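With chain A's structure known, arrange chain B on it following the hints.
Number of protein chains: 2
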Amino acid sequence: MQGIFKTMKRLIEDLQWRYAVKKYDTNKKIPAEIIEHFKDVLRLVPTSNGLQPYKFLIIETPEIRQELRKHSFNQPQITDASHLFVFCSYKTLNETHYDDYIYLNSVIRETPMEQLSTYAFHLKASLMNRTEDQILNSNEKQCYIALGQLLQTAAIHRVDASPMEGFIASKYDEVLGLPAKNLTATVVCALGYRSEEDIFQHWKKVRKNKEDLFEII
Amino acid sequence: MQGIFKTMKRLIEDLQWRYAVKKYDTNKKIPAEIIEHFKDVLRLVPTSNGLQPYKFLIIETPEIRQELRKHSFNQPQITDASHLFVFCSYKTLNETHYDDYIYLNSVIRETPMEQLSTYAFHLKASLMNRTEDQILNSNEKQCYIALGQLLQTAAIHRVDASPMEGFIASKYDEVLGLPAKNLTATVVCALGYRSEEDIFQHWKKVRKNKEDLFEII
Numbered sequence: 005m006q007g008i009f010k011t012m013k014r015l016i017e018d019l020q021w022r023y024a025v026k027k028y029d030t031n032k033k034i035p036a037e038i039i040e041h042f043k044d045v046l047r048l049v050p051t052s053n054g055l056q057p058y059k060f061l062i063i064e065t066p067e068i069r070q071e072l073r074k075h076s077f078n079q080p081q082i083t084d085a086s087h088l089f090v091f092c093s094y095k096t097l098n099e100t101h102y103d104d105y106i107y108l109n110s111v112i113r114e115t116p117m118e119q120l121s122t123y124a125f126h127l128k129a130s131l132m133n134r135t136e137d138q139i140l141n142s143n144e145k146q147c148y149i150a151l152g153q154l155l156q157t158a159a160i161h162r163v164d165a166s167p168m169e170g171f172i173a174s175k176y177d178e179v180l181g182l183p184a185k186n187l188t189a190t191v192v193c194a195l196g197y198r199s200e201e202d203i204f205q206h207w208k209k210v211r212k213n214k215e216d217l218f219e220i221i
Numbered sequence: 005m006q007g008i009f010k011t012m013k014r015l016i017e018d019l020q021w022r023y024a025v026k027k028y029d030t031n032k033k034i035p036a037e038i039i040e041h042f043k044d045v046l047r048l049v050p051t052s053n054g055l056q057p058y059k060f061l062i063i064e065t066p067e068i069r070q071e072l073r074k075h076s077f078n079q080p081q082i083t084d085a086s087h088l089f090v091f092c093s094y095k096t097l098n099e100t101h102y103d104d105y106i107y108l109n110s111v112i113r114e115t116p117m118e119q120l121s122t123y124a125f126h127l128k129a130s131l132m133n134r135t136e137d138q139i140l141n142s143n144e145k146q147c148y149i150a151l152g153q154l155l156q157t158a159a160i161h162r163v164d165a166s167p168m169e170g171f172i173a174s175k176y177d178e179v180l181g182l183p184a185k186n187l188t189a190t191v192v193c194a195l196g197y198r199s200e201e202d203i204f205q206h207w208k209k210v211r212k213n214k215e216d217l218f219e220i221i
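If you're matching them up, the sequences are chains A and B in order.
Add 4 to the 1-based position in the first sequence for the working numbering, that's all there is to it.
Add 4 to the 1-based position in the second sequence for the working numbering, that's all there is to it.
So here's chain A without its partners, still in its complex pose (with noise of 0.2 Å):
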């Protein structure tokens, strides 16, 4: 148990470290294998039916960032932080979804497709009876673990984020092109490196005591 006692240790320091960043250091670049490493990490969520109903877009042309900042309430960290995510989800899911997944399925796990009839044909009857609204929920909630495993791995290797849901999803929808791809914008992570000047690092995190968030029965 001596080895586990000090893993638990550090994730809780580093995510105690964490903190919702207002204010990025601008000369800082988060290193391009760790992004590559945010992005190993992404593919590997997990997803209902292993589905995976989204697309990551990393926004790097600093004039769509300043057009995307105008349609986030003027927040800094959307022009300011090295990296800027939008966590997109699918807004309908059809057939071809499905026969993808599938595809994939059969590539990977070398399985003729022939005997993946019977699992295709209860995917798609499970997924099929439900409203548009209720698929583009479901793909919104899968964006939020990917979100939650985004921010614990950036806390891991102490790089900042600001996870974020102020802003207008249309206007980046229309800005990011998203309505053409039937994708539209969930949520939005910023990521770098926190300023010295962000007053926010210095105030305690304010959380629920046990008592409160946890019920045994």
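For the record, the hints were derived by calculation from the structure and aren't laboratory data.
Treat each hint with caution, since some may be false.
[Said to hold, decoys possible] Each computed DSS-like pair below joins lysine-lysine, with the alpha-carbon atoms no more than 30 Å apart:
1. A:K208 - B:K128
2. B:K43 - A:K26
3. B:K95 - A:K209
4. B:K33 - A:K10
5. A:K214 - B:K214
6. A:K10 - A:K95
7. B:K95 - A:K212
8. B:K214 - A:K33
9. A:K209 - B:K128
10. A:K13 - B:K43
11. B:K33 - A:K212
12. B:K74 - A:K59
13. B:K95 - B:K32
14. A:K13 - B:K13
15. A:K95 - A:K128
Predicted model, so just to flag it, every value in this text is computed and none were measured.
Using the frame of chain A, we list chain B on its own:
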């Protein structure tokens, strides 16, 4: 950079190791210290405006787990895993939730309530003009941030987990007496140790290529 490469490699190995366990070893229990650590992690999860609009139920009573299994398409993880976490969202948010949060803020940050009145006003205003559906929807998304972090934490400590959406929420609510607490079951996570007999541990993970998941703009 040496240390960080090792940390990155290990995290990817942990995430590759995990899979949605279907059959648990009923003899193995997660040590209390590790459960406490999971609770510490869940307590620190960031949420929209810091409200933590959820509660985590840990179901220990065997009869209740048996009952919940009936409403989970008879999936054995519900009864056989070492632990069962039910993530519950607040169905509505009222003045009290905000007042409690502001009060917690005042205590933890040692700031007089009067100094927080403008903050409290804006917080309430921005949240009150949402429909009940939008509020529940948002609260449920916050559960998924927590789910993402619990899954990653479990993998880091080599504890197995099964995120589960295949259950009838209204039945869970009934069995767990949630309506009286203004809560509803959002997502379930079984935790424990995989059975050697679970064939799924040998199946390759099916994930999209990075080219299909990420786009640089």
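Okay, the hints, checked on the actual structure:
The suggested pairing of K208 (chain A) with K128 (chain B) holds, with an alpha-carbon distance near 21 Å, which does not exceed 30 Å. Restraint check for K43 (chain B) and K26 (chain A): satisfied, since their Cα atoms lie roughly 27 Å apart, inside the 30 Å limit. Note on K95 (chain B) and K209 (chain A): the hinted pairing holds, with a Cα-Cα distance of about 25 Å set against a maximum of 30 Å. Between the alpha carbons of K33 (chain B) and K10 (chain A) the distance comes to roughly 21 Å, so the proposed pair stays at or under 30 Å and holds.
A C-alpha spacing of about 38 Å is found between K214 (chain A) and K214 (chain B), which places the hinted pair above 30 Å, so the restraint is violated. In summary, the hint linking K10 (chain A) to K95 (chain A) is not supported, as the alpha carbons are separated by about 43 Å, beyond the 30 Å threshold. Proposed proximity of K95 (chain B) and K212 (chain A) is supported: the alpha carbons are some 18 Å apart, at most 30 Å. Under the criterion of a C-alpha separation no larger than 30 Å, the hint pairing K214 (chain B) with K33 (chain A) is consistent with the structure, at around 22 Å.
Restraint check for K209 (chain A) and K128 (chain B): the C-alpha separation of about 20 Å stays at or below 30 Å, so the hint holds. A distance of roughly 13 Å separates the Cα atoms of K13 (chain A) and K43 (chain B); the hinted pair therefore holds under the 30 Å criterion. For the proposed pair K33 (chain B) and K212 (chain A), the alpha carbon gap of about 27 Å is at most 30 Å, so the pair holds. Between the alpha carbons of K74 (chain B) and K59 (chain A) the distance comes to roughly 35 Å, so the proposed pair goes past 30 Å and is violated.
About 35 Å separates the Cα atoms of K95 (chain B) and K32 (chain B), which puts this hinted pair outside 30 Å; it is violated. About 20 Å separates the Cα atoms of K13 (chain A) and K13 (chain B), which keeps this hinted pair within 30 Å; it holds. Distance check on the hinted pair: K95 (chain A) and K128 (chain A) sit about 17 Å apart at the alpha-carbon level, within 30 Å; holds.
In this structure, the earlier hints numbered 5, 6, 12 and 13 are contradicted, and the remaining ones agree with it.
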